[in-house]
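K.L.:
With these hints in hand, go ahead and build the complete structure from the sequences.
Chains as they are written, first to last, in the working numbering: chain A, 59 to 375; chain B, 59 to 375; chain C, 46 to 382; chain D, 46 to 382.
Each hint should be verified, as a subset may be incorrect.
Listed next, the stretches of chain A that the computed footprint assigns to chain C, with coverage defined by at least 3 CB atoms under 8 angstroms from CB atoms of chain C [stated by the list, open to error]:
| id | segment |
| --- | --- |
| 1 | 93 to 104 |
| 2 | 233 to 246 |
Using 30 angstroms as the maximum straight-line C-alpha spacing, the simulated DSSO-like pairs for lysine-lysine come out as follows [said to hold, decoys possible]:
| id | chain 1 | residue 1 | chain 2 | residue 2 |
| --- | --- | --- | --- | --- |
| 3 | C | K361 | C | K307 |
| 4 | B | K196 | A | K244 |
| 5 | C | K168 | B | K225 |
| 6 | C | K261 | A | K302 |
| 7 | C | K340 | D | K340 |
| 8 | B | K225 | C | K95 |
| 9 | B | K302 | A | K225 |
| 10 | D | K95 | C | K334 |
| 11 | D | K95 | B | K244 |
| 12 | B | K302 | D | K361 |
| 13 | A | K225 | B | K244 |
| 14 | D | K168 | A | K225 |
| 15 | A | K196 | D | K95 |
Just so you have them, the derived chain D footprint on chain B, three or more residues with Cβ under 8 angstroms [as the list claims (entries may be wrong)]:
| id | segment |
| --- | --- |
| 16 | 94 to 101 |
| 17 | 155 to 164 |
| 18 | 205 to 215 |
| 19 | 242 to 249 |
Because the hints were derived from the structure by calculation, they are not lab data. These numbers were taken from a predicted model, which means no experiment stands behind them. The beta carbon of each residue, even a glycine, is placed where N, CA and C say it ideally should be.
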Amino acid sequence: MMTGNTLTRELGWRLLRKLREIRQFEERIIPVYPTDVMVTPVHLHIGQEAVPVGVCDHLRPHDLVFIGHRTHGVALAKGMSMGSLMAELYGRTTGCAQGFGGSMHVCDPANGLPGSSALVGGSIALGVGAALAARLGKRDQLVVSCFGDGAADAGVFWESLNFAALKSVPVLFLCEDNGLSNVMRKEDHLHADPGVVAGHFMQVWRADGTDVLSVREAAGEAFAHIRATGRPALLWCATKRWMKHQGVEADDLACNPVDREKDCPIRKLEQALLSAGLATQAEIEQLGGEIESEIDAAIMFAEQSPFPDPGMLATEV
Amino acid sequence: MMTGNTLTRELGWRLLRKLREIRQFEERIIPVYPTDVMVTPVHLHIGQEAVPVGVCDHLRPHDLVFIGHRTHGVALAKGMSMGSLMAELYGRTTGCAQGFGGSMHVCDPANGLPGSSALVGGSIALGVGAALAARLGKRDQLVVSCFGDGAADAGVFWESLNFAALKSVPVLFLCEDNGLSNVMRKEDHLHADPGVVAGHFMQVWRADGTDVLSVREAAGEAFAHIRATGRPALLWCATKRWMKHQGVEADDLACNPVDREKDCPIRKLEQALLSAGLATQAEIEQLGGEIESEIDAAIMFAEQSPFPDPGMLATEV
Amino acid sequence: MPWSRFDQSHAAPEGGGRIITFKDAIREAIDQAMIHDPRVFAIGLDADDKFGVFGSMLNLAHPERVIGAPISENAVTGIALGAALNGLRPICIHLRVDFLLVAMDQVVNYIAKWRYMTRGRIKVPIVVRAVIGRGWGCGAQHSQSLGGLFAHIPGLKVVMPSNPYDVKGLFLAAVKDDWPVIFLEHRWLYKNTGSVPEDMYVLPLGKGRIARAGNKLTVVATSLAVIDTLNAVSGANLDVEVIDPRCLKPLDEELILTSVRKTGRLLVVDYDFPACGFAAEVCAVVAEKAAHHLKSPVQRMTFPESPMPASGILEKAYYPNPDSIAARIRAMLDGVC
Amino acid sequence: MPWSRFDQSHAAPEGGGRIITFKDAIREAIDQAMIHDPRVFAIGLDADDKFGVFGSMLNLAHPERVIGAPISENAVTGIALGAALNGLRPICIHLRVDFLLVAMDQVVNYIAKWRYMTRGRIKVPIVVRAVIGRGWGCGAQHSQSLGGLFAHIPGLKVVMPSNPYDVKGLFLAAVKDDWPVIFLEHRWLYKNTGSVPEDMYVLPLGKGRIARAGNKLTVVATSLAVIDTLNAVSGANLDVEVIDPRCLKPLDEELILTSVRKTGRLLVVDYDFPACGFAAEVCAVVAEKAAHHLKSPVQRMTFPESPMPASGILEKAYYPNPDSIAARIRAMLDGVC
Ligand SMILES: Cc1ncc(C[n+]2csc(CCOP(=O)(O)OP(=O)(O)O)c2C)c(N)n1
Ligand SMILES: Cc1ncc(C[n+]2csc(CCOP(=O)(O)OP(=O)(O)O)c2C)c(N)n1
Ligand SMILES: [Mg+2]
Ligand SMILES: [Mg+2]
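P.N.:
Okay, structure coming up:
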């Protein structure tokens, strides 16, 4: 739903660029991946782009987002450069973690990305701690803990909700609920709706995670609440995973039918822009082309960057 | 409240005996403890006796109860002999764990006590597993996970609720809510009411944990539900801790005012028995005397039992 | 369920017989254990999905005794323990050993200690399976081994099999055992093949084997490191004795000491963190009990003192391999290093 | 917050000066760190209650920076880490090291690896304080040490101070450090007294000390074991060198090796589980690097291979003590044992 957002050209265009950057970036991984130039397990964001883009549109570089294993979309939405991310996938020194991290461990302090975790769940608590630090330091800084529906299974989710509520920690819990934990359906891994449970601890917003305007609006309200009250909030976004949990193949689970027209955050926004007369098809195609060139540059940058020096192996430890 | 329980002499007498056994047993620890004959940290059950007694009255020897650190009341309610428990506190070979366990680690397989844990929280999961085993083995066996309000802070509580609900595990979650986690008030360690949260996963009963008939009635309903549906249930009993968290002194926290008349499960039941004409004051005093003799015997048994052989130290490992 | 009739262990088949993969040997062990004993069941995240724990849980005779679980490793490990305390023989499964760290409270505080705390009145027949092994750019959180960490904890047995014959016999022994067993399977061994009897058999937990006889140097290695060492040694035709203890705990000290007394030299190849680990333990045991037989100082070959990096070139430098093992052995034999 | 001005470490005071307890030395270090640097704060279950972590957190100048927590050790440890990643210098407190096992995912998978995984772009200045030590009939789940377990994990520094002077300097060094530090305080040391400068000072993490000079045998011990060994040695007037490495990691290998090269004998007294532990590590290091100087085999004195029992008589047999240490030393010197 787009109510409450005044869809201006500037806003729409900014969001569309980010959505497309993520989508097109990931789509370029697909053909390259089987050639083993990226030796790192990837969890693609395709289909879910609206969530990071809608939320991160409110954030400044010094606002923080903590991520789990599905990193690319959030990292790009938060401002990481494509070259830096691509080079990390290629395992090069110019990667955001100089090749030491891989796809699941991306960081970019200058853009508010303090790192990510391949283990599910634990990073929820990190966001709470970072927000606590912001409060203790009386800093004007927003902090988001981003996680999937599967992560809500974990005890650390419960403990984090309770702690944040008890101690008035100004953090946004952001659930990117794609209805799946690997190949398990949500109803098979969660008996109750964690969004409902969270409601006993803090105010909860829900958004359509395939609609960037819906996400952006709800996130805006949640952030306003956090700022106004100093209390935590949770934003639950139902979205759709198009690809297999890991790797570059399209998902084929019977329980996860994907309609690439109706479920597409990019189509939705483009349609809205077109019908509001805020964009033309030609402009959109041009944007796509621009982004494609940026990705070309990122790939070239990655390919031409040196590999890390094995002599540095046991440093920073 | 006593509605719904027909208070017969037999029932009332059985419950009263158990309540008094626990109370009098613990009260005898108090004077002895400072002499260091029991070298083990004790967490007394005084004031909370109604919870284990009301619940265990439904249980047969082969039904199981899992306990945390506050063990004595549950152990006696479940049928452990006073001698066996006392000898364990005295660190003797005749103790339920031959002196290897101490107060926090009591077990009595013949009476459905598979052990207890000094760590808070984890044993909640053990009960779920044992109940799963009962279901897989198609056994007629009830299983109870007994824990305190503090244990509900822990992530394992959330995970256990979710698992039990997802997999239809016929377990009773039993919270002995004394409103305290050590010296922390419930509202300082739990932001939401876990009983309410649990309601999203399973049916929840509440009882007055200072009234054995209230507990017994609610437990009866919960067990009937578990048997009928094969699903888990939670019983939340608000009760009152009279003693300090650990050791043998009366509690003195301002937030925990104790009225030893009104809050006393034994008084409550005795009053009910007396006013229903099911007991006389003289009979009650006689019961007290009988139990006192049993405790004398238990103490003598413990005192006269041999210490374990240090040569056995590194066995059973 | 007379597990006792499997007490007689088969000798390792001398070639011939039925050749199957390491993965299929585990699968067969699980299948046979479940058929043989209705108390055996499996539980864990992704234990029941279509991938079947890298194929090791597919086509079982009793799928109704395989219970999938949410991402709740801590509770689920406790649930497995609870089932063991109530008469079952659970196989608790973790697709990566790293996930088991979430359940460390259960493993170290509960599973390892329950039997002791109850003075043996309650048995703890649980097998915790965890898949280990370097990933493929998986990085620091998805590539650990942790065998030494578990072996540090009294009350746990730790098994690290290296070949299809062993994995079947050791797995069945673990299920049969009334003590908790941590069973660590290296993912890179799954496709390896070997001769495996079809019948059920158990190998004793705590008895190692001489994987290759030799005279000039004893190499103690476990799991994938056994295979890599054998490749290193046979490729270079070195006169080296390779000991596969099979279990980190109980450790077959006598086998190691006997070999070192003969060869006078020890190298421990342990694919794990170096400090306070299994390699240190083996060196310490030899230094305590066979020092006078040593012709040169003991040596360890482990991961570097660092977490795992992601980039392929770094991974290559991080992990020992047959070449680097052969080089180290040669250096030791040359007295150079 | 120029922590750099504390780089010059004080020499240990030679008697005299202000005498305070171990507990007060920690308290003072925490207090001074919080006053000196507003980024320092403390968090943990019972950190803010009236008992003040066995008195070590009472009467601080900045109680508003002490945050109590629910029984949620896993999240709370992660929250401390999150605060460190966002510019603070948390002191995360666990009243018993056993509780820290609940947070092992955070400690091993996150805290130890974060700096490495981000290639040092993110510093991890966190101190995890945990109180260790045998209880008083506390049994298996409340008496662990676990220093060796943490020292096994690359990325963690592990400190085990033995006296008031060291605990203050090492604690301030830990807070100052940009790497995660596990700080293990033995409860039985809390009442011990010693001379402690009032000013802030840091001791380098990774530098041990010679607690007593001697010639016939090197004893390496940490924490309470240092005190017990000193008592054992001085009581019997034995010509023994006692090395207190202060840190299990980084380990001051050179100090140990130099001593062993002189004495030719090594005993490690480690109040922890034996297998794959810190004692094994020290033995392995010496066996690797100073084997030719050894006049007799190295020895370890640790807990038995078992969890802790509860009954007093069993506890007494379980834990090494000055008498049993003296006996072992004498046996080694007599060449009897
Ligand atoms: C503690 C832990 N357990 C299991 C895994 C394996 N694992 C990786 S991603 C994943 C599914 C997570 O689902 P969700 O949180 O919904 O995120 P999504 O992949 O859907 O984005 C699982 C089970 C893990 N990484 N960490
Ligand atoms: C994991 C863990 N954290 C902390 C403790 C210390 N501790 C022991 S009992 C207790 C309070 C428990 O409160 P509750 O669960 O309500 O039980 P109660 O003591 O009130 O019966 C605490 C914090 C512990 N034993 N285990
Ligand atoms: Mg999901
Ligand atoms: Mg309580």
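K.L.:
Evaluate each hint against the coordinates.
P.N.:
A quick look at each hint next to the structure:
1. 93 to 104: holds (count 4)
2. 233 to 246: Satisfied; 5 residues make the cut.
3. C:K361 / C:K307: Violated, at roughly 34 angstroms.
4. B:K196 / A:K244: holds (28 angstroms)
5. C:K168 / B:K225: It holds: about 25 angstroms lies between the C-alpha atoms, which stays within 30 angstroms.
6. C:K261 / A:K302: violated (52 angstroms)
7. C:K340 / D:K340: holds (15 angstroms)
8. B:K225 / C:K95: holds (19 angstroms)
9. B:K302 / A:K225: Answer holds: B:K302 to A:K225 is near 26 angstroms, not above 30 angstroms.
10. D:K95 / C:K334: Given that 30 angstroms is the threshold and the Cα spacing comes to 51 angstroms, the pair is violated.
11. D:K95 / B:K244: Within the cut-off at roughly 16 angstroms; holds.
12. B:K302 / D:K361: holds (28 angstroms)
13. A:K225 / B:K244: holds (14 angstroms)
14. D:K168 / A:K225: holds (25 angstroms)
15. A:K196 / D:K95: Roughly 27 angstroms between the alpha carbons, so the hint for A:K196 and D:K95 holds.
16. 94 to 101: Three-residue rule met by the segment 94 to 101 of chain B, so holds; n is 4.
17. 155 to 164: With 8 residues in contact (Cβ-Cβ under 8 angstroms with chain D), the coverage given for the segment 155 to 164 of chain B holds.
18. 205 to 215: holds (count 5)
19. 242 to 249: Since 4 is at least three, the answer is holds.
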